[in-house]
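Student: Here is what each chain is made of, one letter per residue.
Number of protein chains: 2
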Amino acid sequence: MSDADLKDDLPGEAEDIAVVDAPESESLDEDNRLKPEFVRSVKEALHEEDSDRVYDLVEPLHPADIADLFELVDERERLTLARSIRDLMGVEVIAEMNDWVREALMEALPADVVAEIAGELDTDDAVAMLEDLDEEDQQAVLAEMEPEDRAAIESALSYPDESAGRMMSRDHVAVPETMTVGDLIDYLREHRELPTEFWEVFCVDPMHRPVGTCALSWILRCPRNIPLYDVMARDQTLIPADMDQEEVALRFQKYALISAAVVDKSGRLIGQITVDDIVHIIQEEAGEDALLLSGAGDGDINEPIRDAYSARVRWLIANLLTATLASSVIAMFEDTISRMVALATLMPIVAGLGGNAGTQTLAVTVRALATNQLTASNAWRAVRRELSIALLNGCTVAVVIGIAVSLIFGNVILGLVIALAMMTNILIAGMAGVFVPLTLERLKADPAIASSIFVTMTTDSMGFLVFLGLATVSGLVG
Amino acid sequence: MSDADLKDDLPGEAEDIAVVDAPESESLDEDNRLKPEFVRSVKEALHEEDSDRVYDLVEPLHPADIADLFELVDERERLTLARSIRDLMGVEVIAEMNDWVREALMEALPADVVAEIAGELDTDDAVAMLEDLDEEDQQAVLAEMEPEDRAAIESALSYPDESAGRMMSRDHVAVPETMTVGDLIDYLREHRELPTEFWEVFCVDPMHRPVGTCALSWILRCPRNIPLYDVMARDQTLIPADMDQEEVALRFQKYALISAAVVDKSGRLIGQITVDDIVHIIQEEAGEDALLLSGAGDGDINEPIRDAYSARVRWLIANLLTATLASSVIAMFEDTISRMVALATLMPIVAGLGGNAGTQTLAVTVRALATNQLTASNAWRAVRRELSIALLNGCTVAVVIGIAVSLIFGNVILGLVIALAMMTNILIAGMAGVFVPLTLERLKADPAIASSIFVTMTTDSMGFLVFLGLATVSGLVG
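Protein chains in written order, with the UniProt record's numbering: chain W, 1 to 478; chain B, 1 to 478.
Just so you know, these hints were derived from the structure itself, not from any lab. Idealized CB from N, CA, C, for every residue including glycine.
If you only want the chain W side, here are some residues facing chain B, beta carbon under 10 Å, derived: (1) Glu71; (2) Leu184; (3) Trp199; (4) Asp277; (5) Glu285; (6) Glu303; (7) Arg306; (8) Ile317; (9) Val341; (10) Ala342; (11) Pro348; (12) Ala368; (13) Val397.
Some but not every residue of chain W turned toward chain B, in silico, with C-beta under 8 Å: (14) Arg189; (15) Glu197; (16) Arg221; (17) Gly295; (18) Leu346; (19) Thr396.
Just need the whole structure built from these sequences, with the hints factored in.
Tutor: Next up, the structure:
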């Protein structure tokens, strides 16, 4: 290969990372988000159908910012935007785009255009783009693609949803361990079809099974005559192709990996996963807890309204059923309440504070389970810890509310009743907050999904039961 | 440097990545967590003070698993464990350890031992270890350290908490852009003091300001005679040393970075941040939302009980105050309730469902704000979207509860009252769930911290007010 040939292919020419440090940037604010004024100019240009002005505005942006721009403009403006900046709609823009926005855009574009874009993407990005399409649209796009690309994508789609096989890139560098550093460098220089972006070289045996991994920095620091089996790390993290992406993300994090080999059932190297694909997953999986605990489904602001409605209303109906249970507890004490209406005023405090305390314990427990910090080995310690905290919280809140109610209502017995009820309910909340998710985890269910319904059902019902029950038996009401 | 010399320094000999794919592993379960049986054997050996057996058990583990083991054994067993496996307590174990566990362990160890460990760590890990210690302990440790290490750590500690300056590593490779690929490779081979683990080489001008970045794969694929200015990417993401770690993490994610140059105020390159340090932060920051929304503070199961108590009880007391407000709303309607006690039975349903709906909207909005998906440009769209969903949810739930109450209580007016109240409260919840965090964000406050108190205060009070108010004015009660 001549130098002139190579020059065209050099990353310095072909690829640019972001200019992010320019404080005088016209389009980005100090938090590196697109400025509202900038977005407004683009929208104005879109309304005036002034494609040239749209292009001039968007052209200086980094692909990740172009992807953000698609999310920020209105839904009906997105197709016009895509048409105005056709040749800027590169691989990185599509790959960086929010899933919902991309899906809607892909559905609006003709199959041959989508096929053309998918053909230019890395397999993992193409799969991410196509897996959300309807079966029919997917087939239409695949039919338009080059046979080789189609085979790669169909093979990736054969792995389960959210598995390593779906997210891996097939591009990787694999060489025999007997190669020397010098031979490897020559091989890399001579073979243009090899990927440009990689962080580790995998050594494989004749069956193409990984036997070791060389970080590029180790290779660069060694003399040419050293064989790779003296450079490589033999122990390595191999990712089975059917491993769930959450598990893959935990391994990358635990072992501080930059890239890892993906192997099929027979142990053959079939691709690699790099950390830049993992950070999105770590973010998603970690951020998901807050959404799942609140029953907000996928919780993406770009999700179609009908999908969000369907996820959320199911949760509300489930909560309605559990609220009915709490209601029926109150109904048992209608006689007590009618004799002392102040009880109706105070009972939501007992139930509500219990709910808050339960949610705190629940959030901590779910988080610890999700990060593998809480296992069978330390489960009892966690339970003891949560009960200790609940005891301390319960005492404090009980004292405060007991004194306040005694003084305000001029009724010490009422103060004692609410203090005792509060204490009991916060303890119950602590227990529910730790046992419910632990039990769901043991039953192989996701503790983030259903825990909070059970916990608030418990704290509501028990709060009313204990408070109204104590009020009845204490002789507080004639 | 002779080959024999170099051989000792080779990563293949010195460092091993993890063996994770062995299904027959004696210590790890299928989710890659330490097995309870294994942890139990270690604990037994610790109780029997059988250091040799402890050592034999722990020796085959990966450093990340040793770090996990410290979290899984009881607090009082940790010092004995550390003493039994003294020479296995390497850099990676300390760096991978949970902050709270490490802090407690460091406080229990003598200052000179801590100083010795800190001296062996990379600056960023040493800083992470020392920054949590008391001022006094910190000074004692620093006094025991080598002057050079001390200066590096003191300089890092001079940057704000959770800033890029604290987390960066000073080790990096920086060369002039006029160097050729061949000269760079020779320079890397000849200088043993250079770091072994790096993913990019930074090109700098004579003032040591970064002018470009070369990924190692680009260098390996270029002929020796090509100068670096033809290889490097000129546009690059520079991280100011005082940038907050959350912002750093967002940039790594947005631009899919592997490493990035950290610069001081004058633009000089002073260190680098690599993505393996970022994944922890992304996890922490993304997972934090669920904890903050529930008022569970840091929410780490290794946090001392007194700290967890202090964080959580403050939240409960704040909620107690807002619950009092809701209570006083009920108190205004005591007369109404005494005439129809069924209202007391039903009112928690209206308030509670409103709370659930508000929390859903809140979780979605907080998440979108944290990931920079929601900005001033699309805020109104998000508001309209949430109100549409609230309208749909409100109608559905109102119809269900209206019919159910009409039938169960044989009272159509009561059914209409609760349906209308539910509809109104879910709409109010939707508004509060989106406006409260948007307002807090605009006031530069963290929307995850205080939002949920305001939202549930609104949904509770308004739920009671609307339901009991409607019941009063509708003529439902004589």
